[in-house]
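**Q** Work the whole structure out from these sequences, hints included.
Okay, here's what each chain looks like letter by letter:
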Amino acid sequence: NAGVTQTPKFQVLKTGQSMTLQCAQDMNHEYMSWYRQDPGMGLRLIHYSVGAGITDQGEVPNGYNVSRSTTEDFPLRLLSAAPSQTSVYFCASSDPRGLGETQYFGPGTRLLVL
Amino acid sequence: KNEVEQSPQNLTAQEGEFITINCSYSVGISALHWLQQHPGGGIVSLFMLSSGKKKHGRLIATINIQEKHSSLHITASHPRDSAVYICAVSRADDKIIFGKGTRLHILP
Numbered sequence: 001n002a003g004v005t006q007t008p009k010f011q012v013l014k015t016g017q018s019m020t021l022q023c024a025q026d027m028n029h030e031y032m033s034w035y036r037q038d039p040g041m042g043l044r045l046i047h048y049s050v051g052a053g054i055t056d057q058g059e060v061p062n063g064y065n066v067s068r069s070t071t072e073d074f075p076l077r078l079l080s081a082a083p084s085q086t087s088v089y090f091c092a093s094s095d096p097r098g099l100g101e102t103q104y105f106g107p108g109t110r111l112l113v114l
Numbered sequence: 001k002n003e004v005e006q007s008p009q010n011l012t013a014q015e016g017e018f019i020t021i022n023c024s025y026s027v028g029i030s031a032l033h034w035l036q037q038h039p040g041g042g043i044v045s046l047f048m049l050s051s052g053k054k055k056h057g058r059l060i061a062t063i064n065i066q067e068k069h070s071s072l073h074i075t076a077s078h079p080r081d082s083a084v085y086i087c088a089v090s091r092a093d094d095k096i097i098f099g100k101g102t103r104l105h106i107l108p
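The listed protein sequences correspond, in order, to chains A and B. If you number the first sequence the way the working numbering does, the last residue is 114 and the count never jumps. If you number the second sequence the way the working numbering does, the last residue is 108 and the count never jumps.
FYI, nobody ran anything at the bench for these hints, they're computed from the structure. Built from N, CA and C at the ideal position, the CB exists for glycine as well. Check the hints yourself; a few may be wrong.
These stretches of chain A come out as covered by chain B in the derived footprint (C-beta under 8 Å, 3 or more residues) [what the hints assert, rightly or not]:
{"id": "1", "region": "40-46"}
{"id": "2", "region": "50-63"}
{"id": "3", "region": "105-112"}
Distance condition first, Cα-Cα at most 27 Å in a straight line; then the derived DSSO-like pairs of lysine-lysine [said to hold, decoys possible]:
{"id": "4", "chain 1": "B", "residue 1": "K54", "chain 2": "B", "residue 2": "K100"}
{"id": "5", "chain 1": "B", "residue 1": "K95", "chain 2": "A", "residue 2": "K9"}
{"id": "6", "chain 1": "B", "residue 1": "K95", "chain 2": "B", "residue 2": "K53"}
{"id": "7", "chain 1": "B", "residue 1": "K100", "chain 2": "A", "residue 2": "K9"}
{"id": "8", "chain 1": "B", "residue 1": "K68", "chain 2": "B", "residue 2": "K53"}
{"id": "9", "chain 1": "B", "residue 1": "K55", "chain 2": "B", "residue 2": "K68"}
**A** Okay, here's the thing in structure tokens:
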């Protein structure tokens, strides 16, 4: 198993550009989530999904969209990048729910918005 | 006030010392997680607890549901234990909330 994979590892964007951060898992996990990590802030939940076709907002959803058309994939879209979205983004999954199961994290995507 | 508070924020100790990191939370939870973030940035799940105590090698995690408190202990600490240790709680609404982490540095 590859576990949780994220692409790209690193990205530089200009303000106003859009992009999609990819996340995939091959463990058939129902629960997937996106976090951002900023210095002094800890990890914060952006969006999460408890299964294919179901998504919901976390603590800091503004400026981000998600979809979950398959169990395996959970892409995060930045519609119009802003410097405030400069951060490290982690995707995670767990089975069957996030309520009480071990979380598996991807390696992270480092995003710089100029 | 943050829903999950960790202490200390930073900890430096000598190799071999017994380490304790504390986590307090203010919401109802279904589980508590301890995570380790390596200097390279990767995050690994160490423990998931809903009650009592768990042990894995030199690491021990305890939780007191009534007091809304958990501790992570490291026995016979080693420089390779240097990392950021993060406490997180799973709320009943499917959301996971994280503490800000404890940066541990073990000196040889």
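**Q** Now look at each hint and say whether the structure bears it out.
**A** Right, here's what the structure says about each hint:
1. 40-46: holds (count 6)
2. 50-63: Coverage by chain B holds for the region 50-63 of chain A (4 residues, Cβ < 8 Å).
3. 105-112: n = 3 at 8 Å, threshold three: holds.
4. B:K54 x B:K100: holds, 22 Å
5. B:K95 x A:K9: holds, 25 Å
6. B:K95 x B:K53: Holds. K95 (chain B) to K53 (chain B) sits at ~23 Å (cutoff 27 Å).
7. B:K100 x A:K9: holds, 23 Å
8. B:K68 x B:K53: With a Cα-Cα distance of about 14 Å, the restraint between K68 (chain B) and K53 (chain B) holds, given a limit of 27 Å.
9. B:K55 x B:K68: Holds, at about 20 Å.
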